[in-house]
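Enquirer: Please arrange chain B on chain G, whose structure you already have, making use of the hints.
These protein sequence lines map, in sequence, to chains G and B.
Going left to right, the first sequence walks through residues 1237 to 1576 as our numbering numbers them.
Going left to right, the second sequence walks through residues 1237 to 1576 as our numbering numbers them.
Keep in mind that the hints were calculated from the coordinates and are not lab data.
Bear in mind the structure is a predicted one, so any value in this text is a computation, not a measurement.
Watch out, some of these pointers could steer you wrong.
In this list, chains with the same sequence are indistinguishable; a pair is considered to hold if it fits within one copy or across any two.
[As the list claims (entries may be wrong)] BS3-like mimics (lysine-lysine), calculated; alpha carbons at most 27 angstroms apart, straight line:
1) Lys1262 to Lys1392
2) Lys1428 to Lys1392
3) Lys1287 to Lys1455
4) Lys1392 to Lys1285
5) Lys1262 to Lys1284
6) Lys1428 to Lys1285
7) Lys1284 to Lys1455
Chain by chain, the residues:
2 protein chains.
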Amino acid sequence: MRASRNPIAGSVGALGEVGLLDAIAKLPRSRSVRGVEIGIGDDAAVLKKLKQNAVLSTDMLVEGVDFDLAWATWAEIGHKAAAANLSDLAAMGATPRATLLCLALRPHDRVRNVLQLVRTVAEVAGTYGAPLVGGDLSGTGGPVVVSVTVVGEAHKARLLRRHRAAPGDRVLVSGTLGGAALGLALMRRGAKTPGRYRRRQLRPEPRLKLGAALAYSGKVTAAADISDGLAKDALHLPREGCGVELDMTRLPVSPGFAALAREHGLDPLRLALAGGEDFELVVAAPLRHVRAVQNIGARTGVPLTEVGQVTDRPGITCVGGPAGFAAAGFEHFNGPKATV
Amino acid sequence: MRASRNPIAGSVGALGEVGLLDAIAKLPRSRSVRGVEIGIGDDAAVLKKLKQNAVLSTDMLVEGVDFDLAWATWAEIGHKAAAANLSDLAAMGATPRATLLCLALRPHDRVRNVLQLVRTVAEVAGTYGAPLVGGDLSGTGGPVVVSVTVVGEAHKARLLRRHRAAPGDRVLVSGTLGGAALGLALMRRGAKTPGRYRRRQLRPEPRLKLGAALAYSGKVTAAADISDGLAKDALHLPREGCGVELDMTRLPVSPGFAALAREHGLDPLRLALAGGEDFELVVAAPLRHVRAVQNIGARTGVPLTEVGQVTDRPGITCVGGPAGFAAAGFEHFNGPKATV
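Bound conformation, chain G alone:
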């Protein structure tokens, strides 16, 4: 029942839940605890009073489905779990305030690894203003499960919303596309993976500054984050009955991206359109605001590229791509389930 002298060196099973909670409580605090009234250690966490509407997002990542310990470190899994949630707040234009973390762990998991994951969740979320304030640990006989919930705030009149864009609105994406999917494909094959693409897959950067600035501007008619791929997530933008036309010649990718993908037999266009997990923002804006919206991107350090427009034809229409691509893409991304 007693913890070993160096509990960090042992396994979760040997240390036990209480010992692990103790070790977690001793981790250095995440940077920002200003907004917290009561953190870890009571029945529930309490925040200082929010000035705006509470915005809530949660995600569950399962080993073998959403991540693979064969090529991702525990710290990277923590980073990704935090970033994926924060990205949802970015897509609403909300400001993060607090983070909760649930873990299902196996008895043989190393305490050192678990602490690295927890510390990384706290660091990443803390960097964006959402300190880790509570959570729960459970044992499991199966895969490791990481579930993160983030609480943010935003004024309801300044929220970025889905399903609000009208035909003619231009569609823009932040940053570059396909990098996360290329990183994943290369790591899965055990191929040499440039740091840039490994980071895109495992250490995504939620576009919180950009989301907040766009929300504040009032110049965007709809927004979503790109977690399932541009072709799916762009469909969150238009009003009911409308769709999105994407120009294949304008999808922003990193220099060398297409060549590296082709070198490994991968279709760069497919990665950029459908790869997912880029955690960029896709937004719609009336033509007259496109320049202003792009200026906001430039000001927050994340360029916005116009990639298409909202149309009155439901679903995704791909134009400007190589022969045969649009049709194949259409089948894939625009079945009855992918339309909203």
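Expert: Just chain B now, kept in the frame of chain G:
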């Protein structure tokens, strides 16, 4: 890729994530959606502005560890997941406002079962004022995982806290003890389990009214909910360096509880002290407030029984029990890890 004509009849794998999300979105709304600005269907949920401090709690339940589909229905698992979280809010004296639900599901899980779980989470949490506003679905190759997060609110000056009780403060518990553990033990053995004990284990009632009334009264010095058993959770009450003396002769149990436990070779005192998952509240109050605190219990329909007091001796001290019990209990519940 297409959903069957009656998607509810099929498996999660056949329906797919998008189809399952569609089916969930079509469930009848939980009763209370007054406090919700944006519910399921955007990147994140948005609440109407909270008037008080946000209070956050999260729990993760893993099949085979925290529940067993062999003897619990999916609805019961949903009930328990929601109630366990709401109980943490009760222990803070907070009022529930919103609920998030994450599920890890296997391809062969039945859609009908999953919808029953989701509907029950929404109903139970909705009954207490916390509608289901969002969540996440993931696949898994392992056990089913259910993770619930609840957001509540409370005024920071009116919170029930841990670690605040002083020597001499009386310790009181709500309702009865050991029923959830007895229900679990009987179900695990496949023994006939009276409905009362099955409900205690699988459909616990969070003591939200009681917690809120106690918090409002200002007459309680500390509080916690009983999830790990009275002997462990009572130790959340005293200030650092102090402990709790429990009178074994005063532990409240249901009529017939002890006889039924003994009939199955179980120690009723051990069930009441260490069984856990009763989700009752354990509170401390100065002697002069005990009567008033008990009146609050009576008014909210949940009697409070005085079971001991805070002392300057760290850990749990059991008095009034059968010979040999206190020592055995002490070893079990008061190792270096159980003290706070």
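Enquirer: Run every hint past the structure and note whether it holds.
Expert: Comparing the hints with the structure gives:
1. Lys1262 to Lys1392: between (37 angstroms within a copy, 25 angstroms between copies)
2. Lys1428 to Lys1392: Close neither inside one copy (46 angstroms) nor across copies (53 angstroms); limit 27 angstroms.
3. Lys1287 to Lys1455: For Lys1287 and Lys1455, only the intra-copy Cα distance (23 angstroms) is at most 27 angstroms; the inter-copy one is 30 angstroms.
4. Lys1392 to Lys1285: Answer is both: 16 angstroms inside a copy and 9 angstroms across each meet the 27 angstroms cutoff.
5. Lys1262 to Lys1284: Cα proximity of Lys1262 and Lys1284: one copy only (23 angstroms, versus 35 angstroms across).
6. Lys1428 to Lys1285: neither (48 angstroms within a copy, 49 angstroms between copies)
7. Lys1284 to Lys1455: Close across copies (23 angstroms), not inside one copy (31 angstroms); limit 27 angstroms.
Going through the hint list in order, the structure does not satisfy hints 2 and 6.
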